[in-house]
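Note that the protein sequences, when read in sequence, are chains W and H. Note that the working numbering has the first sequence beginning at 1, numbered continuously upward. Note that the working numbering has the second sequence beginning at 1, numbered continuously upward.
Hints in this document: simulated from the structure, not taken from any laboratory. These numbers were taken from a predicted model, which means no experiment stands behind them. Please note: incorrect hints may appear among the correct ones.
As the list claims (entries may be wrong) - Quick list of simulated restraints, FRET-style, between CB atoms:
#1 110/W - 57/H: 28 to 36 Å
#2 70/H - 600/W: 30 to 38 Å
#3 160/H - 276/W: 31 to 39 Å
#4 98/H - 379/W: 53 to 61 Å
Glycine residues also receive a C-beta, built at the ideal position from the N, C-alpha and C atoms.
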Amino acid sequence: MPTIPNNPLVLVDGSSYLYRAYYAPPHLTNSKGEATGAVYGVVNMLRSLLSRYSPSHIAVVFDAKGKTFRNDMYDEYKAQRPPMPDDLRNQIAPLHRIIHAMGLPLISIPGVEADDVIGTIALQASKEGRATLISTGDKDMAQLVNEHVTLINTMTDTIMVPEEVKTKFGVDSDRIIDFLALMGDKADNIPGLPGVGEKTALAMLTGVGSVEQLLANPQSVVEVGFRGAKTMPAKIIDNADMLKLSYELATIKTDVELEQDWHELNVKPQDRDELIKCFGEMEFKRWLAEVLDNKQPTGTVSQDSNEEITVSAAIEAEYETILSEEALDKWIDELSKAELIAVDTETTSLNYMEAKLVGLSFATQAGKAAYLPLTYDYLDAPQQLDKAATLEKLRPILEGKTPQKVGQNLKYDMSIFANAGIKLGGVRFDTMLESYVFNSVASRHDMDGLALKYLGHKNISFEDVAGKGAKQLTFNQIDLATAGPYAAEDADITLRLHEHLWPRVEKESALASVFNELELPLIQVLSDVERQGVLIDSMLLSQQSGELAQKLDDLENKAYEIAGEKFNLASPKQLQTLFFEKLKYPVKKKTPKGAPSTSEEVLVELALDYPLPKIILEHRSLAKLKSTYTDKLPLMVNATTGRVHTSYHQANAATGRLSSSEPNLQNIPIRTEEGRRIRQAFIAPAGRKILAADYSQIELRITGSFISRQWLINRICCR
Amino acid sequence: MFGVHFEEVTTEQRRRAKAVNFGLIYGMSAFGLAKQLDIPRNEAQTYIDTYFARYPGVLKYMEETRADAAEQGYVSTLFGRRLYLPEINDRNAMRRQAAERAAINAPMQGTAADIIKKAMIAIHQWINQDTQGEITLIMQVHDELVFEVDATQAEALKSKVCDLMAQAASLDVPLLAEAGIGDNWDQAH
């Protein structure tokens with residue numbers, strides 16, 4: 001199959017796919033009985049395009065409603081087509097919403113067809129030498145193929161470059177219009193020349209050249225000598241107008257007036273909330289779960305088009321699994337000679353306090369990496385080196401200032417080493433933080449995402465080797481033949497990512513200083529804070545849980561009383577019926593589907609005038625506190641340390657702020673009584689006190705410094 | 001901004017002034033302000049106009065920040081951290097306006113983040129070099145640092161921590177950190 005160039009501009013013929021997806025099985029419906037199959041088909045196709053080609057620029061093009069210039073040219077154009085079925089028409093709006101939410105530019109221009117828009121953009125781009133991939137099921141588009149423009153039909157998985165056009169149709173792409181004009185097209189109701197089919201059309205074009213030449217010199221066709229050639233000149237002369245019209249109709253316009261240049265068709269970040277809504281309504285459960293899990297869409301987006309990448313699973317690499325003393329010694333020698341090494345740990349758990357080291361991987365240069373397994377205990381696992389003795393041998397390398405270390409989220413690995421009694425030294429780079437400092441919003445900063453975005457490499461995923469869900473194996477149960485390359489690849493990819501990212505950070509002195517002076521030294525600080533943990537009063541929390549349960553109960557009873565019936569306070573659907581049908585509250589906002597909304601925002605507004613929404617709001621916030629803090633905090637206490645060990649995330653918030661999870665400390669309410677009570681459960685051990693220090697009005701002070709105007713300074717200092 | 005004398009300012013006026021101050025700097029519209037203060041939209045618009053007329057520096061700062069963002073595609077914190085705003089030139093007005101609000105807000109949020117990170121690093125270094133276990137950093141939340149300290153030395157440690165936090169960065173408007181001590185986080189908060 002021909003290859004697709006890197007990061008092509010992708011133009012999708014949305015209308016052609018919409019029809020094809022509608023008529024192709026499975027004919028999906030959601031639980032309300034609404035057809036969703038066409039939406040599913042098109043979105044599925046888009047997702048696969050994104051994941052295969054990671055385009056930075058794309059447009060999904062649809063026919064606009066109404067007649068086009070071709071209808072003005074020829075009344076009969078597409079006149080035989082039945083009107084669009086209602087259950088297909090109804091899928092257009094939700095499809096458009098999803099496409100918008102996926103961050104994909106959508107174009108639909110009245111008066112022309114999707115083909116014409118695609119033709120125009122493709123011509124623009126190919127003039128600039130930009131590789132363009134048109135995704136369509138429509139053979140007419142073959143006329144657009146040239147050295148820069150390729151067609152793909154994702155339904156049949158066929159790709160068409162100039163040679164393929166010639167093979168398939170027998171003529172070059174610049175004669176496709178002639179070909180269609182001669183033989184006509186039933187689907188579009190293009191008349192063509194009477195009695196001329198594929199063979200005759202082909203013979204005439206091969207023999208004479210083009211429709212233009214045929215019209216100029218009809219007699220020339222006789223010499224071609226196909227069957228019926230003798231009567232052909234008369235036919236051409238009699239039907240000259242029809243032939244010219246057919247030629248016009250079959251010609252895809254390439255000069256449509258567009259508002260955007262192709263450069264502006266960049267893929268935007270997806271609108272997660274909107275996608276959740278849309279997939280929810282369509283009941284596309286797998287995709288919904290994916291968005292909720294906050295996974296990247298299958299196609300990771302590369303935003304800067306100048307950095308063209310190819311996606312492939314194969315990279316040049318030489319991975320070794322270390323099982324003997326000799327191999328270990330050779331690697332220790334390699335490592336101690338290297339200036340910088342990539343280090344990664346494989347463990348039994350994501351919990352940094354509980355995870356045990358099962359193996360280590362190293363890379364010394366791109367493509368040269370090794371995995372050192374230590375505690376594999378599955379049946380017939382190969383004999384491995386002794387863990388304690390091996391770590392002792394590695395200690396000088398791991399703890400030393402040299403070689404310098406690079407890792408992906410080294411804070412985690414530092415804890416794993418600490419659990420094994422090793423204090424990782426020489427921490428100099430971290431690819432997660434390099435990516436974060438380079439561009440905090442371009443991607444998530446996990447290794448798989450970074451590899452795909454910056455290296456065009458699809459990593460072996462953990463699920464590929466360990467399986468999913470309840471049956472997921474821990475890493476030391478996985479066959480070393482599989483685990484070895486997976487683990488070694490992590491170190492290799494880390495080193496490659498560093499080699500890609502660091503020069504980009506270093507080149508901008510401001511970014512280099514943010515990395516060197518803030519993010520890098522902070523790794524150790526945060527690791528210490530995490531491992532230190534905090535003492536909590538579990539008794540107090542469980543008492544609070546009891547009280548909260550009582551309060552929730554009271555609120556529920558109060559709510560039932562006002563409503564005059566029992567209902568589920570947590571069900572938006574029941575609230576909807578109760579509020580807007582039974583109690584006739586005014587509708588403040590509607591959901592995108594047109595139902596009256598019971599969102600937080602709406603409840604707050606309604607609470608000004610009615611008691612019930614206020615009760616429900618209170619119920620919601622207390623229930624949340626109970627489930628996330630008072631019930632859960634005691635369960636988070638580490639059995640060994642007796643303390644709670646939060647995870648801090650250094651590369652999560654776009655603005656540079658830190659966030660935390662398990663527990664999320666930022667979400668404990670600041671002003672409410674319940675928030676205060678939860679903070680009372682964070683205590684000091686005997687002989688010690690809690691000291692809490694807070695910046696006062698820091699935001700105003702910073703803004704004041706930015707504006708640097710005397711008035712604002714006075715306002716704060718002289719109060 | 002309400003055209004009254006300093007002595008005549010009411011609590012309600014002060015509250016409104018604060019909302020205007022914060023709201024406008026963070027890009028709130030007349031509509032948003034009207035909603036927050038529960039006043040008619042034209043009244044909110046009057047506040048806004050008065051505010052910007054009185055403090056032209058604020059408006060100038062905001063306009064320059066937005067223009068820079070549109071030109072560069074990103075905004076920066078005081079320490080050089082960048083936040084890219086992919087939608088700052090978006091043709092969709094809603095998205096563009098959201099990005100414009102972020103252009104004003106992000107340098108401030110990001111600078112606050114940088115400052116507390118600097119403070120944590122300085123305090124960590126001090127703890128490691130100059131103390132013997134009488135103080136440990138146990139939490140970071142928003143603009144707050146939480147420590148466990150030896151009960152007998154708490155007061156001295158408190159003033160040292162506040163000093164280090166205030167010195168974390170030197171701004172035109174000096175930083176101020178305040179601290180409390182208690183048996184639990186709430187008491188200390």
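Results of checking the hints against the structure:
A beta carbon spacing of about 47 Å between residue 110/W and residue 57/H contradicts the range 28 to 36 Å that was offered as a hint. The given range of 30 to 38 Å is respected by residue 70/H and residue 600/W, whose C-beta atoms sit roughly 32 Å from each other. Between residue 160/H and residue 276/W the beta carbons are some 47 Å apart, a value that contradicts the proposed interval 31 to 39 Å. For residue 98/H and residue 379/W, the Cβ-Cβ distance of about 56 Å falls inside the hinted range of 53 to 61 Å, so the restraint holds.
When the structure is compared with the earlier hints, violations turn up for hints 1 and 3 and for no others.
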